[in-house]
Amino acid sequence: MLLTDPRTKPLTDEVIAAYATGRHAGPTPPEARSIVDADPPHAPPKPHGIQRAALAALASARSGGAQRGLVVHFTPRFLLGRNATPDRSHGADLLAQCEDREVFRCDLFQGIDTGLLSPFRYLGVPDDVDYAQIPWRSAQFDPEALEAALATEARAANALEQFRRHRSGPAIGFGCSMRHADFMAAYFAARGLRAVAVHSGAGSAPRTTSLERVGRGEIDILLVVDMFNESSTKAWTYPESER
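Last residue of the sequence shown: 243 (full-length UniProt numbering), numbering continuous.
Think of the hints as simulated: they come from the structure by calculation, not from any bench. Some hints here could point you the wrong way.
[What the hints assert, rightly or not] Between beta-carbon pairs, the in silico distance windows are:
#, residue 1, residue 2, range
1, Gln-110, Glu-144, 36 to 46 Å
2, Arg-105, Phe-78, 17 to 27 Å
3, Ala-132, Arg-216, 36 to 46 Å
4, Ala-145, Gln-110, 38 to 48 Å
5, Ala-154, Asp-100, 45 to 55 Å
6, Asp-93, Ala-202, 39 to 49 Å
7, Glu-161, Ala-96, 43 to 53 Å
8, Pro-135, Glu-99, 37 to 47 Å
9, Asp-100, Arg-216, 46 to 56 Å
10, Ala-190, Cys-106, 37 to 47 Å
Beta carbons are placed, not taken as given, at the ideal position from N, Cα and C, and that holds for glycine.
Please construct the entire structure, taking both the sequences and the accompanying hints into account.
Okay, here's the thing in structure tokens:
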């Protein structure tokens, strides 16, 4: 992913060469070097409106080929691919779609070192759910069986205990379903915490307003479903009082 933070080193010829070494025997395309020179070529507009480059997320095995079809549909002079999880290829050869050229990579450690990401601490906590007893279907746990196993008073009590023991500020809790998120939010709220559930269902708290409340220090924990995870594009705003 290309970064524009002023603390990030510029994408120079040396950087491109370093990443290209061992990746591809051929020279770096002139179109790529023109980006470094801040003087990209401007081709006449094509009927589909895409001029010089097509910007697309790299396809993976779980995409069902939809993204791959989009990539091969266009014939740009220079194709720039982005991927948020390059180390999780899901069985697909991601670099092959860009002629095996990787010009830039910024992982978690680099992001933290440059101040683009917040440092984090990973804790393993006990969980008494026997996942071996939950049916596995179509490459995932059976949704209803998983929800029944996770949305219990005993597991919620353990989650609350761990939260109170390790918390250092606002938190996000990830639910396996909307009902699970609602259950956990209600459980936490009934025990004195400012907790809300945010998801795509009708009973969700407003997403934008909830984030603003987190930023003001008015919410202790958000219980979410398929939001604010690895594909999130919304920045997390930490309360000013905690910075």
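Enumerated hints in conflict with the structure, sorted upward: Result: no hint breaks.
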